[in-house]
Amino acid sequence: MTTASPAVVAASKLGLTFQTNDGPVQALADVDLTIGKGEFVSFIGPSGCGKTTLLRVIADLEKPTSGTIAVNGMTPEQAREARAYGYVFQAAALFPWRTIDANVALPLEIMGLPKAEQKERIRRTLELVNLAGFEKKYPWQLSGGMQQRASIARALAFDADLLLMDEPFGALDEIVRDHLNEQLLELWARTNKTICFVTHSIPEAVYLSTRIVVMSPRPGRVTDVIESTLPKERPLDIRETPEFLAIAARVRDGLRAGHSYED
Amino acid sequence: MDSAMDSLRSKFLPVTSILAGIVVIWYVGVFFMNAPFQRDLDRRAGVTSSFSELVAKTMSQPKPTLPAPHQVAQNFFENTFLRKITSNRSLVYHAWVTLSSTLLGFAMGTVLGIVIAVGIVHVTTLDRSLMPWIIASQTIPILAVAPMIIVVLAAVGITGLIPKALISTYLSFFPVAVGMVKGLRSPELMNLDLMHTYNASRAQTFWKLRVPASVPYLFASMKVAVAASLVGAIVGELPTGAVAGIGAKLLAGAYYSQTIDIWSALVAGSVVAALLVVVVGLAGRIVDRAMGGRPV
Numbered sequence: 410m411t412t413a414s415p416a417v418v419a420a421s422k423l424g425l426t427f428q429t430n431d432g433p434v435q436a437l438a439d440v441d442l443t444i445g446k447g448e449f450v451s452f453i454g455p456s457g458c459g460k461t462t463l464l465r466v467i468a469d470l471e472k473p474t475s476g477t478i479a480v481n482g483m484t485p486e487q488a489r490e491a492r493a494y495g496y497v498f499q500a501a502a503l504f505p506w507r508t509i510d511a512n513v514a515l516p517l518e519i520m521g522l523p524k525a526e527q528k529e530r531i532r533r534t535l536e537l538v539n540l541a542g543f544e545k546k547y548p549w550q551l552s553g554g555m556q557q558r559a560s561i562a563r564a565l566a567f568d569a570d571l572l573l574m575d576e577p578f579g580a581l582d583e584i585v586r587d588h589l590n591e592q593l594l595e596l597w598a599r600t601n602k603t604i605c606f607v608t609h610s611i612p613e614a615v616y617l618s619t620r621i622v623v624m625s626p627r628p629g630r631v632t633d634v635i636e637s638t639l640p641k642e643r644p645l646d647i648r649e650t651p652e653f654l655a656i657a658a659r660v661r662d663g664l665r666a667g668h669s670y671e672d
Numbered sequence: 022m023d024s025a026m027d028s029l030r031s032k033f034l035p036v037t038s039i040l041a042g043i044v045v046i047w048y049v050g051v052f053f054m055n056a057p058f059q060r061d062l063d064r065r066a067g068v069t070s071s072f073s074e075l076v077a078k079t080m081s082q083p084k085p086t087l088p089a090p091h092q093v094a095q096n097f098f099e100n101t102f103l104r105k106i107t108s109n110r111s112l113v114y115h116a117w118v119t120l121s122s123t124l125l126g127f128a129m130g131t132v133l134g135i136v137i138a139v140g141i142v143h144v145t146t147l148d149r150s151l152m153p154w155i156i157a158s159q160t161i162p163i164l165a166v167a168p169m170i171i172v173v174l175a176a177v178g179i180t181g182l183i184p185k186a187l188i189s190t191y192l193s194f195f196p197v198a199v200g201m202v203k204g205l206r207s208p209e210l211m212n213l214d215l216m217h218t219y220n221a222s223r224a225q226t227f228w229k230l231r232v233p234a235s236v237p238y239l240f241a242s243m244k245v246a247v248a249a250s251l252v253g254a255i256v257g258e259l260p261t262g263a264v265a266g267i268g269a270k271l272l273a274g275a276y277y278s279q280t281i282d283i284w285s286a287l288v289a290g291s292v293v294a295a296l297l298v299v300v301v302g303l304a305g306r307i308v309d310r311a312m313g314g315r316p317v
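Those protein sequences? They're chains A and B, same order as listed.
Residue numbers for the first sequence follow this note's numbering, beginning at 410 and rising by one.
Residue numbers for the second sequence follow this note's numbering, beginning at 22 and rising by one.
Derived by calculation from the structure, the hints in this document are not laboratory data.
Hints are not guaranteed to be accurate.
Here are the computed lysine-lysine pairs in the BS3-like style, where the Cα-Cα straight-line distance is at most 27 Å [said to hold, decoys possible]:
hint: 1; chain 1: A; residue 1: 472; chain 2: B; residue 2: 229
hint: 2; chain 1: B; residue 1: 229; chain 2: A; residue 2: 546
hint: 3; chain 1: B; residue 1: 244; chain 2: A; residue 2: 545
hint: 4; chain 1: A; residue 1: 524; chain 2: B; residue 2: 229
hint: 5; chain 1: B; residue 1: 203; chain 2: A; residue 2: 528
Model the full structure from these sequences, guided by the hints.
Right, here's the structure in full:
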């Protein structure tokens, strides 16, 4: 990828080995990757391929054991301290004792924003994820899809340019997932953020991404990087077009080449 | 509200049947426990009683080995409702004396327990060094410790409410400390990671995540602690030769073989314990609701 602006994420020869009781486990090996501003990059692969680990390394939730990585030109730790990214977890992870608006306010409180600005940002981000009117509800009063949308709002509230999403829709049913995929694309187009998105669904990866990073396990590594030729404007039925299916087939080939379909 | 009524109804029958069973067994016990002494009395007085007369007499002795439920109930009623509450024969007066040191000890115990838990959760050295001592403290029989506390404090001029409350504190800090350690450590890794991504300080993680997450644990352990506090206050009244309080009432009853008094003091103690547990439980539910808890 050649971009004029500096890379949002630049990894080279990145490796991470966990020391476990059963000996060392190589979660990541020799990962070279550059993500430019405004890209939507999906990481796809079977479980154990290190896609979540890679996201966690970018987020400074794990430390790499070899190679280098830069986020916005800084170390991941500096980037985290500068609140350079918003992280969306597999579960909504909302605090049950906080209402939706208070949950979205959490990062803003921690960053010490003035109350008036907090209010304004909460209003704006809840509108962005179509949750206006649910401010005073508690998480248990919302459906799973709405909870996940609230957690996306929380990650967006402090306006970081980078959004890291770790299988955010993995626990939701397909109808809700389709709907949220559509909304996420819309949100990405409107906010012009860089998004790193971990998934294990091929259609989801192809539908959302400008670039798909195919990974395979033992050791976790990148086996293929696929540029999407789909237009930026993507209605849901684009998934029936030959172009879409061709990209999906390439992803599947990449997974097969990485022995992802073997036992 | 409907569901509350339903649960009351569904609990009412089982609880009353158990109660009825206990009363029946109690009456049978009363006969067997008091009959030998009654036969002795009859023999000395040269009276022969029929079986039914004997049964009636075992139920109405002034100083029975085991008082009958109705004797206890009558004594409890008279000493609770018919006496002025300032009279030292009033159970309300004695219950109040015990209650005041229970509450003081409970408050101190809760604060101490929370402080210890916060220390254990945040300081690794305390986690390793303090916990064994805390557990050991609870294996020492309180009956052995109580007189020492009273005597030592009396020697430095502290008497009255404080020594008794300290014994309550000794018993009540433990469940709170253990419960709060668990509660402060209850947030999931995902929530801790979330705070980490915000670059939250330890204090922010503590106040915004650990503390709210520990509240249900706090109330659960406070329920145990308040009952333990009451036991502590009563035990604290025994070695002091206290003139007032449920413990004093128990001791005086034992001195003068006023078994009925002992039993009604015991009932008063149970009523106070039940009230305390209910009040803590209610406070817990109110707080839970205020913190967005799903109504059950």
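We went through each hint and held it up to the structure:
1. A C-alpha spacing of about 26 Å is found between residue 472 of chain A and residue 229 of chain B, which places the hinted pair at or below 27 Å, so the restraint holds.
2. Straight-line distance between C-alpha atoms of residue 229 of chain B and residue 546 of chain A comes to about 19 Å, which keeps the hinted pair within the 27 Å bound.
3. Annotation: proposed proximity of residue 244 of chain B to residue 545 of chain A is violated, straight-line Cα distance about 31 Å (limit 27 Å).
4. Distance restraint check for residue 524 of chain A and residue 229 of chain B: the Cα-Cα separation of roughly 17 Å lies within the 27 Å cut-off, and the hinted pair is therefore satisfied.
5. Only pairs whose Cα atoms come within 27 Å are accepted, and residue 203 of chain B paired with residue 528 of chain A is rejected, the gap being roughly 34 Å.
Comparing the model with each earlier hint shows violations of hints 3, 5; every other hint is respected.
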